[in-house]
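S.K.: My request is simple: use the sequences and hints to build the entire structure.
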Amino acid sequence: MNKRSWDKNIDSLFRVVGLAATLFGLIVLAVLIIDVFMDGAKRLGWDFFTSYPSRKPEQAGILSAWVGTVWIMITTALLAIPLGVGSGIYLEEYARRNRLTDFIEINIANLAGVPSVIYGILGLGLFVRLLHLERSVLAGGLILALLILPVVILATREALRSVPFSLREASYALGATQWQTIRHQVLPAGIGNILTGIILAMSRAIGETAPLITIGALTYIPFLPTNPLSFSGDFPYIHLTLQGFFDPFTVLPIQIFNWVSRPQKGFLVDAAAGIIVLLAITLLMNGAAIYLRYKNQKRW
Amino acid sequence: MIERLLFCCSLLSLLTTAGIIFVLVSESIGFFKEVSVIQFLTDTQWTPLFTNKHFGILPLLCGTLVTTVLAIGVAVPVGLVSAVYLSEYASEKIRRLVKPLLEILAAVPTVVYGYFALLFVTPLLKKFIPSLGGFNALSAGLVMGIMIIPLVSSLSEDAMHAVPLGLREGAYALGSHKIQVAFKIVFPAALSGITAAIILALSRAMGETMIVAIAAGQQPRLSLNPLVPIETITAYIVQISLGDTPHGTLEYQTIFVCGMTLFILTFVLNVISFRLKRRFQEIYE
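Listed in order, the protein sequences are those of chains A and B. Letter by letter, the first sequence follows residues 1 to 300 in the numbering used here. Letter by letter, the second sequence follows residues 1 to 285 in the numbering used here.
These aren't lab readings, by the way, just hints derived from the structure by calculation. Model, not experiment: these values are computed from the prediction. All the given hints hold, so there is nothing to weed out.
Cut-off 20 angstroms, straight-line C-alpha distance, at most; resulting in silico cross-link-like pairs (EDC-like, lysine to aspartate or glutamate):
hint	chain 1	residue 1	chain 2	residue 2
1	B	Lys126	A	Asp35
2	A	Lys265	A	Glu58
3	B	Lys184	A	Asp11
M.R.: Next up, the structure:
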């Protein structure tokens with residue numbers, strides 16, 4: 001075999017190897033999903049969503065876990081979206097390049113790489129102990145908000161950067177101030193991509209377990225925020241009151257972790273069923289983000 | 001007025017970093033008043049919860065090292081081959097279909113991967129390695145590797161994509177094959193970007209918590225054997241947090257010392273990666 005056809009063979013061989021490497025992760029993901037479904041699908045039913053955790057695996061449910069997740073997500077979104085988008089706007093539209101903004105930029109890039117469990121330690125030292133928020137919804141929401149802040153900021157900046165400069169110049173030419181230009185031209189033009197980033201960030205926050213364990217979010221919570229004394233909880237289970245933000249909580253991934261670490265086989269079924277719910281939420285959010293990004297691929 | 005308000009939002013990120021450093025340092029000082037730095041760095045046992053207490057970080061570092069190396073061992077070869085394929089071989093259509101799908105791998109909550117490692121991968125591996133422990137570094141590391149494949153492949157692909165077309169065309173003009181162009185021209189040209197991706201993956205693997213907390217065990221040991229239960233720095237932090245350790249005790253402070261160690265390690269890696277990436281961007285943009 002001469003050198004040329006040898007190279008050609010290697011070339012087509014690599015095509016196959018490359019495709020296999022690319023699909024490898026996806027195949028594992030498919031196996032994971034099938035495995036979880038086979039373990040947990042039988043446990044999924046209406047009562048799984050409306051029952052509290054229990055000592056008996058066949059009666060245990062995720063009511064306090066999913067309600068807690070909703071509470072935490074509301075808190076996280078309320079904090080992270082305005083702060084993250086605001087900061088992104090400042091850095092992209094207002095900031096002049098100087099040492100301070102340079103430093104802020106490097107700092108944000110670095111924060112994005114800090115392990116999530118460190119944010120939990122920050123929360124433990126700062127929010128739980130120093131500010132005496134204890135193991136509350138607010139403390140958990142604050143931690144997750146700080147955790148996803150870099151993601152929201154970077155997504156906002158990227159979205160604004162893709163808005164062409166001519167749009168801003170046209171607005172200035174009509175006599176608009178900088179804020180009017182941002183508010184009425186730049187933000188609406190970039191909102192699709194900002195939204196994509198926010199959804200991805202929130203989907204990450206929903207799955208986070210470690211930082212909430214670190215602040216001591218409890219694993220056995222037989223009540224819901226706002227009505228800690230009532231063991232029943234009424235439909236629709238979420239009653240937004242100020243007090244709720246200061247109540248203890250658990251979330252879906254922590255509940256799953258708790259079940260995985262129990263020795264009884266029955267709880268593993270509960271864990272698998274919980275994972276199906278959690279996976280469904282994250283995959284739906286990621287799907288929505290991919291679709292949004294695809295729809296917003298505007299060529300200026 | 002609005003500008004100032006938005007500026008304050010940006011300052012929050014600085015405050016976060018300051019907060020992290022403040023919390024870690026202030027609690028660690030208390031720890032190092034009781035335990036000397038030398039003991040912390042050289043003692044070969046980590047037993048803060050036993051009556052015979054030892055505070056040597058080496059066993060935890062060792063556990064972290066084993067799982068990290070395993071994860072990198074999976075993620076780097078698979079991720080790089082996939083990156084070369086996506087950047088040089090795949091059609092635009094395949095790229096646009098596969099890239100977002102790969103991102104989903106990174107979006108799966110880590111507690112789910114932990115379940116998968118403990119209850120699917122470990123039993124599967126046990127069929128081939130009967131001596132494998134129920135908790136072990138091997139399956140945790142392998143699954144962690146799968147999780148960070150997208151990180152390696154996507155960042156490396158970006159780096160290869162940024163290599164100017166002219167370099168490739170020059171090589172083709174000299175009669176090179178695609179495989180030669182990919183591995184002898186594009187890959188070396190993108191090397192600093194690829195290295196940045198690998199270092200970032202290292203840092204991610206070190207900080208990963210739930211997979212190792214669930215599947216790797218809770219036994220700090222100074223051993224490079226991936227078949228036995230070990231404990232990583234992150235898994236220890238979770239273990240202590242789950243118990244009700246009273247505030248202010250030495251056990252409580254170990255959380256912060258471990259956090260500090262982890263923070264320094266990942267910080268150094270992140271900075272190196274950031275620098276490398278920046279240098280790469282300067283060359284081609």
